[in-house]
Amino acid sequence: MNRPNPRALLRALVLALPLLGLGAIWAIVHTRAQQGVEWDVPVRGYDPRDLLRGHYIVYRYDWPGLDAGPALLATARGLCLHGEPPRIERVAILEGACTHPVRATEAGSGLATGRLYVPQSQAAPLERQLADDSRRAILRFRLRPDGHLMPLRITVEPAAGTRSPQP
Amino acid sequence: MLQAMSLRKLKAWEDAGLIDAATHARIRDWEAAHARPYALRAVVGLAVLAIGLGIVSVVAAHWAEIPGEIRLTLHFTLILGCLAALVRVDHDALLFVPGVLGLTFFGHLGQVYQTSSPLYVPLGLWLLLFSPLLLARGRGWLIVLLFFATLVLTLLVYAGELLDRADPAEAWRTGARTALALASPALIAPLAAWACARSDRPGFWRRLARLALGWSATLASAAAAASLASFRTQPDPEWSLSLAAALAVSTTLVVAAAVLRRLRSDAQARLEPTVFAGLAVVPPLAWLLGGSEVVAALLFMGLWAGLALAALHAGWREAFQLAVALIALRLVILSFELAGDLLTSGAGLILSGLLILGVVWAALRVARRFAPQAPGRGEAGPG
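One line per chain: the protein sequences are E and Y, in this order.
Mapping to my numbering: the first sequence position 38 is 38, numbers consecutive.
Mapping to my numbering: the second sequence position 125 is 125, numbers consecutive.
Next comes chain Y alone, as it looks inside the complex (with noise of 0.2 Å):
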């Protein structure tokens, strides 16, 4: 049913004239013909939210009196059932909810027989178990982001871990190792082309070859940010250590432009692995050049100006306006970097003011008069 202010509104436009009877008509029509309960459906959602609060307290009021087995067997049934239940009907929530209950289930297990393990050893199980079901189910976002989320946390676990027990005397390998563990998902851009061409699901691998160019990006610009150090010429296990690290990803990312090349052989196509392939030139690049604020900077804005240029090409809006932000921000950074003590005078203040605000006004210019249109919204992207 339309509400009364839509009424008004359509009975406003028919006396300004804007459209005939007929027309306010069809629309009152259509509108009570697409009609959605929604009181009802929040009434009912708000019911079983209500029932499933009580059953999570009642569990949890009485947790203690619950033999651990019972619990455990409890929490399994649970994920039994959604899976279960995947049998029938396709549906990510179905997908996500086992998902989480997966990964809870080890945090159950460790308190119900009271033993622990490095945090990347669960996740790297359920990644082991849950990553094939996921990936070769999953439709939206929030699988996609279930999935890569997981993934990166547990690649960020496991090299804090590899760092923390690092042997001053193997800098090279740990670097390696490292970085080949934090770089490895820019692998999974190629899979994920390869599957795009394949699946029914091509929106998901889209997605999910969206945030492993995002992630590789964030690693070259991380990379970029670095190089406000010199590197180069530190002691051992840094020197080592970081020219491993930058090799290693830069091996990644090249190993990524060279599978994307040889698949995708459309002159379109051909973008997203000079992506990456730009993107590997940056570590090794902070490596060989860091040490001062402007070369970082230059990097930075370098790195992004390549990727503005790319989005441009791809007619990717989202992310050209993300490149644009990124490098206007580096260059009130920098500006600060080069005057800091603009700040202690009240005319540098003035001035450093008057800086960013033309950096912004810029930068506004640039990405709304630049930037391409998001055709059919969701689905642009390199590739």
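Here chain E stands alone, though its shape is the one from the complex (with noise of 0.2 Å):
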């Protein structure tokens, strides 16, 4: 008889939940991670020191043509991108059905502003740069099926129409 003992199975089985948990939670946030389609928006920001999590970018949107104060953005149930993946050509909220829908989260808008986790070499620079009024800051951001947005990076380029003066 090689049955196995189920006090013994129990203590096994204990122990490897977590594992098998944590896991399976990662290998579900990694798959989400690679679906979608990724967009270009324009982007505001400022750079408070974090010590726990290293630094990140807190920026706000500049969605493109969307005439709505923080106050509706806050109430809104989500946005609707229209445009050719990655420009969007203009910004409306969302009612209805739409193809690029962006869902607000649960955690709190998430509509007017968002947040990057940046490397530490790398806050620096860009805050400098995103407060340059000359320049302006692009985030690209991954917009999953669901509705869930994603940022990914921000680069900084000359604004456009304002050609910077060389000194």
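These aren't lab readings, by the way, just hints derived from the structure by calculation.
Some hints could be false.
Claimed, not checked - Quick look at which bits of chain Y chain E covers, simulated, 3 or more residues with Cβ under 8 Å:
id: 1; stretch: 81-94
id: 2; stretch: 126-135
id: 3; stretch: 141-150
As the list claims (entries may be wrong) - DEER-style ranges, computed between Cβ atoms:
id: 4; chain 1: Y; residue 1: 372; chain 2: E; residue 2: 10; range: 34 to 42 Å
id: 5; chain 1: E; residue 1: 12; chain 2: Y; residue 2: 66; range: 30 to 38 Å
id: 6; chain 1: E; residue 1: 138; chain 2: Y; residue 2: 43; range: 52 to 60 Å
id: 7; chain 1: Y; residue 1: 305; chain 2: E; residue 2: 77; range: 47 to 55 Å
id: 8; chain 1: Y; residue 1: 73; chain 2: E; residue 2: 10; range: 49 to 57 Å
id: 9; chain 1: E; residue 1: 77; chain 2: Y; residue 2: 77; range: 19 to 27 Å
id: 10; chain 1: Y; residue 1: 284; chain 2: E; residue 2: 77; range: 33 to 41 Å
id: 11; chain 1: E; residue 1: 99; chain 2: Y; residue 2: 110; range: 51 to 59 Å
id: 12; chain 1: Y; residue 1: 65; chain 2: E; residue 2: 65; range: 50 to 58 Å
id: 13; chain 1: Y; residue 1: 200; chain 2: E; residue 2: 12; range: 50 to 58 Å
Cβ atoms here follow ideal geometry from the backbone N, Cα and C, with glycine treated the same way.
Could you use the hints to bring the two separately framed chains together as a complex?
Structure representation (structure tokens):
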């Protein structure tokens, strides 16, 4: 007779549960992160320090063609992006059917502001560039089919229309 | 090795005739045989700490250059290592470290994949994955507190979220759901009583039962404190929300009491269900009678007088002293509530100072004189 002792089995199961669970959650998060299409949106921001988590950039979206104040954005269910990825032509408050919806997260509004973790070595230069009016920051984000927005990176380019004069 | 001071003391005791030479020698031999290399341990501990801090700072300095997946793999491997060690060894530290690493793993995932979710989601998932392990293997306060504090934190965050998103039209449901969430740790008490009788770690379950009782007493105290306001006479969202909350907390405590009563039939163990049933009375009473300072104070003091009585019965010294201290504190607060203008005149200040001194003196006398002796420190308690 070589039947496993039920107590020992339970003991092993209890030990394995955290590993299996964390592994499964990681796999799900990883898979989800690969879905969706990438878009570009102008942002403005600043860089508060957070000692525990390293540096991150908190930014405000400049949604093209959206005339809505922060109050409206805070209560909106979501936004609808129009255009061909990655270029957004215009953005409207989400009402009814939409091909590229951005849905508000439950954690907060998520439509007016967001945050992106940036490497320590890039945080300070990026903050300076964001404060520079002659440049504008573009956030590349991935929009999942379920409407979840995942920020990827911020690039800074000379603002359109304003040729920075050579000193 | 005995330290110089102890040696001097031994010599002095021998000279004073308190101990004889043989005893002196025996003590010295015993101490020599049971010496612990504290200095060596401290040095080794210091070295291990330095190496650990070094690794942490090296990793932190190159955080950005390490790809997210590798960092997560490292994090995961650390958890795996601790859990693998638990196959052979039984130690609370080997539970605590992967527990905390598991909590931070959720934050790390969020950082690498730039995701966010309401805080109660990762906390709840952690409880789901880790509490079977903690409850099955934990022994001391470290694990009891890790489990219970995370549970309460999760429920507090969840309750806050429920209230934030509350629909005024559904005040009943919101009140009941919030209160059920907050009161549910009370149900740990019957679970602990059940497990205590079957486990080879009764101390662990007794500690957990104490925390469940402590949390239930906190909720009842909060209800008593809230009875300063009269929710009974308020307009609707508050009226139904508060009544639903009071009834839900009360029901949960009654269920805990009933299950405890069924589980334990011996006379001494009757006390615990009685305490829970007593706590269950407070929230509805606070809702019904609330609206004056005197009622709020009487409810609070009555609640803790009952708990003091129960502690006396159970021989739980610390709980008795805590109850007396809280009653005294509430009495002082009440005196200020009733005569707040005392503080504006010199004679009033003197009077209130005397009152505080009197209350503190009385409380100290009661707490010292009537407190039960702590039998077998740390293991006393209801049940």
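Each hint tested on the structure:
no.: 1; hint: 81-94; verdict: holds (count 3)
no.: 2; hint: 126-135; verdict: holds (count 5)
no.: 3; hint: 141-150; verdict: violated (count 0)
no.: 4; hint: 372/Y x 10/E: 34 to 42 Å; verdict: 39 Å, holds
no.: 5; hint: 12/E x 66/Y: 30 to 38 Å; verdict: 32 Å, holds
no.: 6; hint: 138/E x 43/Y: 52 to 60 Å; verdict: 55 Å, holds
no.: 7; hint: 305/Y x 77/E: 47 to 55 Å; verdict: 52 Å, holds
no.: 8; hint: 73/Y x 10/E: 49 to 57 Å; verdict: 29 Å, violated
no.: 9; hint: 77/E x 77/Y: 19 to 27 Å; verdict: 41 Å, violated
no.: 10; hint: 284/Y x 77/E: 33 to 41 Å; verdict: 39 Å, holds
no.: 11; hint: 99/E x 110/Y: 51 to 59 Å; verdict: 28 Å, violated
no.: 12; hint: 65/Y x 65/E: 50 to 58 Å; verdict: 39 Å, violated
no.: 13; hint: 200/Y x 12/E: 50 to 58 Å; verdict: 18 Å, violated
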